[in-house]
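Here the protein sequences come in this chain order: W and L.
Numbered per this note's numbering, the first sequence finishes at 439, counting up by one with no gaps.
Numbered per this note's numbering, the second sequence finishes at 1201, counting up by one with no gaps.
Since the hints were made in silico from the structure, they are not lab data.
The beta carbon of each residue, even a glycine, is placed where N, CA and C say it ideally should be.
Careful: at least some of the hints might be erroneous.
[Unchecked claim] Stretches of chain L that chain W covers, calculated by requiring three or more beta carbons in the stretch to come under 8 Å of a beta carbon on chain W: (1) 1018 to 1032; (2) 1183 to 1195.
[As the list claims (entries may be wrong)] To give an idea of the interface, some chain W residues facing chain L are shown, with a C-beta separation under 7 Å as derived from the structure: (3) Ile82; (4) Lys97; (5) Met99; (6) Trp167.
[As the list claims (entries may be wrong)] The following label-pair restraints were derived from C-beta to C-beta distances: (7) Leu249/W x Leu1048/L: 50 to 56 Å; (8) Glu349/W x Asp1171/L: 57 to 63 Å; (9) Pro1132/L x Lys338/W: 53 to 59 Å.
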Amino acid sequence: MGLFGSIFKKKKRIAVIGLDGVPHSFLLKRMKDGTMPFLKKLVDSGGHFQRMNSVIPTISSVAWSTFMTGKDCSGHGIFGFIDRHEDPFKMYIPLAKNMRAETLWEYLSKKDKRVFVMNVPVTYPPKKVNGTLIAGFLCTDINKSAYPAKVAEELKDLDYIIDADAWLARESKDKFMDQLFKVLEKRFEVMTHFYKKEKWDFFQCHIMDTDRLSHFFWKEYESGSGKFHDEFIRFFKVIDNELEKFSKLMRKDDTLMILSDHGFCLAEKEFYINKWLQDEGYLKFDNADPKNIEDMSPDSKAYSLIPGRVFINLKDREEKGSVAPSDYEGLRDELIQKIKKIKDPETGEEFIKNVFKREEIYDGEFIDDVADLIVIPRDGIDVKGNVNKSKLLEEGFISGMHTYHDAFLYLNKELGDFKVDSIRDCFDLIINLLEVNEK
Amino acid sequence: MPKKGLTVWFTGLSAAGKTTIALAVEKILQERGIKVERLDGDTVRQSLTKDLGFSKEDRDKNISRVSFVAKLLTRNNVIVLASFISPYKEERSKAKETIGSFIEVYVHATVEECTKRDPKGLYKKAIAGEIPHFTGVSDPYEEPEHADLVCHTVTESEEESVQKVIQFLEDNNYIEKAGEEVYSDEEREKVQKRLEDLGYL
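So that you can see chain L by itself, here it is in the shape it has in the complex (with noise of 0.2 Å):
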């Protein structure tokens, strides 16, 4: 369990990383055996919002809609890792006060790299006009000016990026420390040799 329930909001351009980042942190979150739920901008488009668009009102009601699922899943001791490109500082604000206890990751890379990496081919179609409202193309995404932590994954590895965000769970108390480890070495052997006495290993 964590010690306490967290909303860890990834948010940057599509293609910055945001989603890689929150599969890593949640995979090492559960194999601490913590309670860990993910919100994604693509995956929640299918199904709590997939009667929205992409204009400022819709993208707004998409956030508000994600928000308030944060808030019932932190409220219940569960860590969520939510990441959206959510381009708007206000919403982004809003967010936050919704929820509570919840930390801004911004996961930033530029433009040019993300139209770079592009896995998707969203930048390509955006660039030739077929998609409209296309943060950072024919959208604006407000940069985050106190974010609690900035990835840039242009210049960091995904392990560094995914290190930084356990580090801060770890060290802002939300986590227990993986080094806090439950047995002494001297524990360890004493509780293999019992295991290892009993036929268990």
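One chain only, chain W, in its complex shape (with noise of 0.2 Å):
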């Protein structure tokens, strides 16, 4: 018998609704002022809700990969959306086909349960699995967007939208909030007509436009008023409403997760870390107009990759290398000592909380693919990768940023004995709720 198996005897299917970067913080207020009553009445029938910590580096794409493989990034090989191979030193993006652990849906295949797996993020391309899965949105073209196949045409004829443009928010806020109703509504659409029609033991819908409109507009929603304010309280209404209206739909004995993989934050300020290395002579580039770190001088001795993850330019191991690995660790214990007393030119203000070895934090199997030093500013300093940058730090475009300490975690069922402290918990929970954890 599995680790819920009194309480949860005959539960065994799930359907999880991924909400991406929807702050434990920010529900709570919701409910309170009224925005979010279904959540509420969810909450307050009994089902358990509590604040959950991300990942480290707080991204989705680590977050998530290590959601569906109960893995840190050392363990999974997603380190975030741009990685570097070191030898040829090239950038890449990292994809389903880069995971190196096992995912939830592919356990749960194994195990002879069918999944239905919607919009997550890194599942492109995407991988066989017992049942349906229609990847994320680093997927471009929808006729590649799901296994089987034929599920494509399907997204076709339902009209189907992958992801919001981004772009358009630096065109007009208001037709990229008008956009992110339209691509909300349409994913709850395509979820339902999913839901009705496949069989599954495992169902997972993922909402990316949350983490869309947090990101372009968290300044207005902070700012308490106008019009922007208004419309992302009324995006959370929509959200409520759909959650009513699919559980719903459910079976009384079905278990629903819902759950973020980060909060969020005002982000006041960019903080430029390879303009700082350049400044401090770590790095260098050859050509006055670099495009990416690809341009780095050879003898550059530290670089970094978005968000914070910095890397020694390690002799024998990076194709550009240039530091000794004698000098590695008396390398990394100074830019540890450097980094963190590094201060806002405007406020004199020291804004970086830590800097760790990747030893510290992790422990996995691909830890020497892992970032040298994980560089953890404050909430609200945003450490960007650029290295074209005239200023250290300045306000970007971008006003919402991800948080670690407040991702949220609902279940309509009590937890019993089972702790969850982190995103990373989740895939035994699920595994021990639907009683196939003997592995």
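Build the complex: two chains, separate frames, hints provided.
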């Protein structure tokens, strides 16, 4: 009998709704102010609702990879939306094919469970499952978006939209907001279509649109009034309403899980750490107008990829490596000391909370591929990887940024003895709930 | 994920380059997101088979236990890179029979060349009579007659040998070809722009 045997004896189906980047603290407010009466009703009627931690680095691709594998990034090999091959030195966009651990749906498929998975990050290109998988926003062509491939035809018939066009936000915030609502409503419509049609033991639909909304409108939300503030709140009214409709479709004994992968806060300033590395002489470029870190000079000692992943340009590891292995540890210690003391030139404030050596926070099988140092700023300072900035810090166009401590988990059941500290625990929670935890 | 599980069995003299090739192949497969495990003579003998010596009987037992582990991994769609001197034809045949999905890679270098390389100083000791049953010196090595692949590490560079193995795995549909890019140039540009617009790059 599984961990939940006595409590969930008959509960063999789970539906998961992912609300990307929705903070626990935000939902508490929305339940209190009447924006989300249905969620309040769910929580008040005996469900489990808690704050949980995200992952480091706090990015959706890493967080959902952790959700779907039960491993941290050193165990699944997805470290961000951009990564590098050391030799030959080349940037690449990590995709599902780069995932080095078994996913929840692959595991469940092996256990003869039928799965339906829609729009979860890092699921493109779609892999074979026992059921249906519709890839997330790294897919640019709807024809290639699904397993089995024929599902793509159905998606086209339903006018499915993979993702909102973030460029629109720069062109017209009004247009972007309209599109976000359209994409959200379509997402729920298509999800409901498949919910009614598919046979499943595990069902998951991911709402990416909450993340998009928060990135581009968090400042307006925090202002407390105005057109976009009101639209921001209305977005969650729509979600609450859709959750209510969805829950009515569920069987009485189904488990419903709703969760986010990280929280959000105001991005006061962006911090361009490669600019700092350049100013301090650790990072050099051969040309005056570098496009990305691939243009780094072989004389460089360190470089960074978003968000705050600092790599030592190590000899015998990196194609352009210049730092002798005997100097590696000394350089890491030197950088930690200096990075922790970086000050905002405008305010004099030190804003780096911590700098970790990779082995201090990870112990997975692929730890050698993790950045050598992980820089953690205070909430409000967004560490970027740009290489062509003239200032160390400045306010960016994107006004919302991710936070580590403020993700949430809702379950329409009590957890029993199971403890969830972070999104990583959800893998075990789900396989326990489905009673397929005997590996 | 590999398309199907497989054990790649590297056989050859000590210092022929089995582990070197297996390590490089492992790295490439990991970078492609493929599940891979390495079973190596030196490490296995420190754990799984540390009670065994190098007599014919013990060598057979060593290979038999390793084959059992490789079989379990292979059955679970893992690509196993097994590098063992495995000097006897019979033990290699048994391994193949046990594991099922199995290819034999003969990592070939002459005894003279291996003696010259001798990174662990083992040949020197064996020639001085300090190590009994040393393959190529005091024990025979039965060359594979029908290996699926031969890596000639005297005449080929490490890179060429590694590429040969990867090519074989691709050609025989054990793994996807590296050239099978997920994105077209246009799609790559599109997704890159999407990530830039979102502030993710």
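> Any of the earlier hints contradicted here, and which numbers?
Replying inline: Nothing - there is no hint that the structure violates, so all of them hold.
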